[in-house]
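Undergrad: Take a look at the letters that make up each chain.
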Amino acid sequence: MNPALVVFRKECVESLRDRRVLLNALLLGPLLTPVLFLLLMHLIVGRELEKAEKPLPVVVVGAGHAPNFIEALKQQGMEPRAEVPDPEAAVREQRLDLVLRIAPRFADDWRAGRPAQVELIFDSSRREVRGEIERLERMIESFSTRTGSLRLLARGIAPSIAAPIIIANRDQATPQARGALLLGMLPYFLILTALIGGMWLAMDSTAGERERQSLEPLLVNPVGRDQVLLGKMLATAVFSMASLTLGLIAFVAVGHLMPTEEPGLGLTIGPRFLLVALPVMLPLVLLIAIAQIWVASFAKSFREAQTYLGLAQLVPLIPSVLMMAVPMRPTLWMAAVPLFGQQITILRVLRGEAVSALAIGLGVTVTLVAAAAIFWLTLRLYRSERLAISA
Amino acid sequence: MIEVRDLWKAFGTTQAVAGVSFAAQDGEITGLLGPNGAGKTTTLRMLYTLMQPDRGQIRVDGIDAASAPMEVRRRLGVLPDARGMYKRLTARENVEYFARLHGMSALQAHERCSTLLRSLQMEALADRRTEGFSQGERVKTAIARALVHDPHNVVLDEPANGLDVMATRGLREVLRGLRSEGRCVLMSTHVMQEVVALCDRIVIIAYGRVVADGTPEALREQSQQHNLEEAFMRIIGAAALEGAA
Numbered sequence: 001m002n003p004a005l006v007v008f009r010k011e012c013v014e015s016l017r018d019r020r021v022l023l024n025a026l027l028l029g030p031l032l033t034p035v036l037f038l039l040l041m042h043l044i045v046g047r048e049l050e051k052a053e054k055p056l057p058v059v060v061v062g063a064g065h066a067p068n069f070i071e072a073l074k075q076q077g078m079e080p081r082a083e084v085p086d087p088e089a090a091v092r093e094q095r096l097d098l099v100l101r102i103a104p105r106f107a108d109d110w111r112a113g114r115p116a117q118v119e120l121i122f123d124s125s126r127r128e129v130r131g132e133i134e135r136l137e138r139m140i141e142s143f144s145t146r147t148g149s150l151r152l153l154a155r156g157i158a159p160s161i162a163a164p165i166i167i168a169n170r171d172q173a174t175p176q177a178r179g180a181l182l183l184g185m186l187p188y189f190l191i192l193t194a195l196i197g198g199m200w201l202a203m204d205s206t207a208g209e210r211e212r213q214s215l216e217p218l219l220v221n222p223v224g225r226d227q228v229l230l231g232k233m234l235a236t237a238v239f240s241m242a243s244l245t246l247g248l249i250a251f252v253a254v255g256h257l258m259p260t261e262e263p264g265l266g267l268t269i270g271p272r273f274l275l276v277a278l279p280v281m282l283p284l285v286l287l288i289a290i291a292q293i294w295v296a297s298f299a300k301s302f303r304e305a306q307t308y309l310g311l312a313q314l315v316p317l318i319p320s321v322l323m324m325a326v327p328m329r330p331t332l333w334m335a336a337v338p339l340f341g342q343q344i345t346i347l348r349v350l351r352g353e354a355v356s357a358l359a360i361g362l363g364v365t366v367t368l369v370a371a372a373a374i375f376w377l378t379l380r381l382y383r384s385e386r387l388a389i390s391a
Numbered sequence: 001m002i003e004v005r006d007l008w009k010a011f012g013t014t015q016a017v018a019g020v021s022f023a024a025q026d027g028e029i030t031g032l033l034g035p036n037g038a039g040k041t042t043t044l045r046m047l048y049t050l051m052q053p054d055r056g057q058i059r060v061d062g063i064d065a066a067s068a069p070m071e072v073r074r075r076l077g078v079l080p081d082a083r084g085m086y087k088r089l090t091a092r093e094n095v096e097y098f099a100r101l102h103g104m105s106a107l108q109a110h111e112r113c114s115t116l117l118r119s120l121q122m123e124a125l126a127d128r129r130t131e132g133f134s135q136g137e138r139v140k141t142a143i144a145r146a147l148v149h150d151p152h153n154v155v156l157d158e159p160a161n162g163l164d165v166m167a168t169r170g171l172r173e174v175l176r177g178l179r180s181e182g183r184c185v186l187m188s189t190h191v192m193q194e195v196v197a198l199c200d201r202i203v204i205i206a207y208g209r210v211v212a213d214g215t216p217e218a219l220r221e222q223s224q225q226h227n228l229e230e231a232f233m234r235i236i237g238a239a240a241l242e243g244a245a
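Those sequence lines, one after another, are chains A and B.
Take 1 as the starting number for the first sequence in this note's numbering and just add one per residue.
Take 1 as the starting number for the second sequence in this note's numbering and just add one per residue.
Some clues are possibly wrong.
[Claimed, not checked] Restraint ranges, calculated between C-beta atoms of paired labels, are given here:
1) A:R17 x B:S105: 48 to 58 Å
2) A:R386 x B:V196: 53 to 63 Å
3) B:S105 x A:R20: 28 to 38 Å
4) B:T14 x A:R19: 36 to 46 Å
5) A:V252 x B:G136: 49 to 59 Å
6) B:G136 x A:R19: 47 to 57 Å
[Said to hold, decoys possible] Below, in silico cross-link-like pairs of lysine to aspartate or glutamate (EDC-like), each with a Cα-Cα straight-line distance of 20 Å or less:
7) A:K74 x A:E93
8) B:K87 x A:E211
9) A:K54 x A:D18
10) A:K74 x A:E132
11) A:K74 x A:E14
12) A:K54 x A:E137
13) A:K54 x A:E128
14) B:K87 x A:E134
15) A:K54 x A:E14
16) A:K300 x B:E173
17) B:K87 x B:D54
18) B:K87 x A:E141
Calculated directly from the structure, the hints in this document are not laboratory data.
Beta carbons are placed, not taken as given, at the ideal position from N, Cα and C, and that holds for glycine.
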């Protein structure tokens with residue numbers, strides 16, 4: 001048998017007997033992200049739904065000045081609450097989210113046909129109340145428009161005179177694409193799963209082997225260090241891929257539990273997604289495996305390696321954050337950058353779009369070249385005298 | 001047979017080995033004796049091709065280590081200073097792993113391993129995971145690992161380190177067995193009793209140099225001391241004076 005395969009087999013056997021590896025690579029890693037994702041999606045969708053249908057409680061100051069107005073808002077779902085002494089202070093101290101104040105002259109202005117002022121008191125720096133403010137504004141506006149139209153009609157003028165232009169929205173986003181906005185983080189979660197799957201083995205077979213003083217005896221064998229490294233890389237990649245596959249299957253299973261029947265969330269996380277995502281991720285898994293081994297090889301102990309790799313986990317976050325913060329049109333060069341390319345492809349598949357063979361081919365090639373480059377760097381490290389000497 | 005000629009090695013400004021030469025013959029146990037930090041481990045590491053000497057030549061069974069390191073490794077059985085095991089593998093699996101790395105088939109590895117574990121009286125341990133092995137059990141496993149490819153030359157770095165009296169005795173038996181099979185055995189130690197009990201030839205290293213080389217009797221004569229320990233102290237002391245001068 002090829003020495004690299006001997007090393008590969010031994011690393012696999014040893015890892016399968018390690019409860020920590022099994023727990024991390026084959027249970028927690030693959031399950032954590034889908035479950036987290038499911039919870040997150042339910043939370044987001046649930047909150048939106050809740051907000052849209054729930055009565056909107058608003059403290060109203062001076063409700064007596066405009067009983068008809070309040071009645072109209074009530075019909076739209078507002079729930080007037082009893083007034084408080086100092087509404088500005090109450091909002092500032094975050095005791096109240098939103099206060100509607102009606103001035104005593106409201107009735108006079110209303111009857112005279114002058115614009116009658118109402119005040120909304122809120123704190124715009126609080127993100128969580130923005131939805132409530134918008135809802136109340138919409139209610140008031142719709143009542144205002146309706147009353148305006150009625151007034152025009154009463155004077156014998158067609159209300160359409162007051163609306164010279166109207167906009168008709170023709171949104172071309174597929175329902176899947178809208179859903180993918182929410183799933184923008186999914187590629188990162190997949191890459192994270194691959195990272196978690198291989199991490200333990202990468203650390204154990206490099207820094208761990210050094211720490212336990214078994215590296216020197218190993219390297220005394222008549223086997224090239226490239227073979228030793230190749231075996232360790234393959235074992236890491238296999239565990240990482242296993243973790244990813246289990247994770248994807250979990251996603252497909254969890255996909256049925258997602259609140260996708262809501263408008264704008266028709267996503268395809270089905271078997272087809274699996275068939276595209278796995279081959280696209282395979283070169284990246286190899287790159288991740290050798291990169292983890294490379295980073296862990298700098299460490300003399302397991303703990304040290306853990307620190308390094310913990311930081312390295314943030315690297316794949318960069319493309320996701322970048323694409324969310326600075327939305328860019330996906331171009332060909334982005335498809336060629338490892339991590340970027342895979343994230344774009346996976347997002348496209350999720351959005352139900354076609355993926356070009358050129359983009360995928362380019363991504364695969366560049367990723368494999370990068371993996372080979374890091375393999376060479378790691379091999380140089382492995383060939384140094386310093387590495388084998390544990391003490 | 002192992003021949004070392006004019007070996008030099010420096011780490012930064014520290015000259016760890018400065019011109020070591022000696023030869024270890026077949027059918028003999030050669031002891032590399034010297035205080036801690038004398039350069040024994042570095043010399044052995046260059047010998048089993050883990051390190052590159054700055055200068056000098058190493059030949060194992062006449063084969064040059066610099067030009068054919070793989071062939072040299074095949075002819076050497078090594079018990080390094082570091083003797084870590086894979087604790088989630090059994091003793092047998094640990095030894096078989098190395099057998100496979102030496103190119104044996106699964107069947108060959110299994111048979112060789114069984115023979116070896118029997119001759120080292122390790123059958124009771126063989127299928128236990130090495131996690132929780134005592135120091136002596138670990139050294140035994142490491143020796144089995146070093147001998148798995150039936151090497152003609154055996155190099156051991158401080159083999160008796162951390163062993164109790166019983167385990168040390170067992171180790172001596174093993175080494176004498178190897179000698180009687182006509183193998184070339186080279187061991188480093190800083191323990192005088194080991195040398196007295198085992199070695200046919202003693203190479204004393206201090207300050208990275210060979211300060212004496214000969215049979216125990218020759219060394220006693222050279223230093224005009226009856227007691228070998230006194231002889232050792234005298235020779236090292238002379239080397240220190242020389243080094244200071």
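Undergrad: Hinted pair, alpha-carbon criterion (20 Å max): K54 (chain A), E14 (chain A). Please report holds or violated.
TA: violated, 56 Å
Undergrad: If you draw a straight line from the CA of K54 (chain A) to the CA of E137 (chain A), is it 20 Å or shorter?
TA: holds, 16 Å
Undergrad: Starting from the range 28 to 38 Å, see whether the pair S105 (chain B) and R20 (chain A) falls in it by beta-carbon distance.
TA: Holds, since S105 (chain B) and R20 (chain A) (Cβ atoms, about 33 Å apart) stay within the stated range.
Undergrad: Hey, K74 (chain A) versus E93 (chain A), does the alpha-carbon distance stay inside 20 Å?
TA: Status violated; Cα separation ~27 Å.
Undergrad: Should the hint that R17 (chain A) and S105 (chain B) are 48 to 58 Å apart at their CB atoms be regarded as holding?
TA: For S105 (chain B) against R17 (chain A), whose Cβ atoms are near 24 Å apart, the range 48 to 58 Å is violated.
Undergrad: Is the straight-line distance between the alpha-carbon of K54 (chain A) and that of E128 (chain A) 20 Å or less?
TA: Cα-Cα ~15 Å, so holds.
Undergrad: Within a Cα-Cα threshold of 20 Å, do K87 (chain B) and D54 (chain B) meet the stated pairing?
TA: With Cα atoms ~36 Å apart, K87 (chain B) and D54 (chain B) exceed 20 Å; violated.
Undergrad: Please verify whether K87 (chain B) and E141 (chain A) have alpha carbons no more than 20 Å apart.
TA: violated, 73 Å
Undergrad: Quick check: does the Cβ-Cβ distance between R386 (chain A) and V196 (chain B) fall within 53 to 63 Å?
TA: Hint violated: Cβ distance 36 Å, outside 53 to 63 Å.
Undergrad: Take the C-beta atom of T14 (chain B) and the C-beta atom of R19 (chain A), compute their distance, and say whether it sits inside 36 to 46 Å.
TA: holds, 43 Å
Undergrad: Keeping to a limit of 20 Å between CA atoms, is the pair of K54 (chain A) and D18 (chain A) held or broken?
TA: Given pair K54 (chain A), D18 (chain A) is violated - Cα atoms ~51 Å apart, limit 20 Å.
Undergrad: I want to verify a distance hint. Is the separation of the beta carbons of V252 (chain A) and G136 (chain B) within 49 to 59 Å?
TA: Holds, at about 54 Å.
In terms of the numbered hints stated before, the structure departs from hints 1, 2, 6, 7, 9, 11, 14, 15, 16, 17, 18, listed from lowest to highest.
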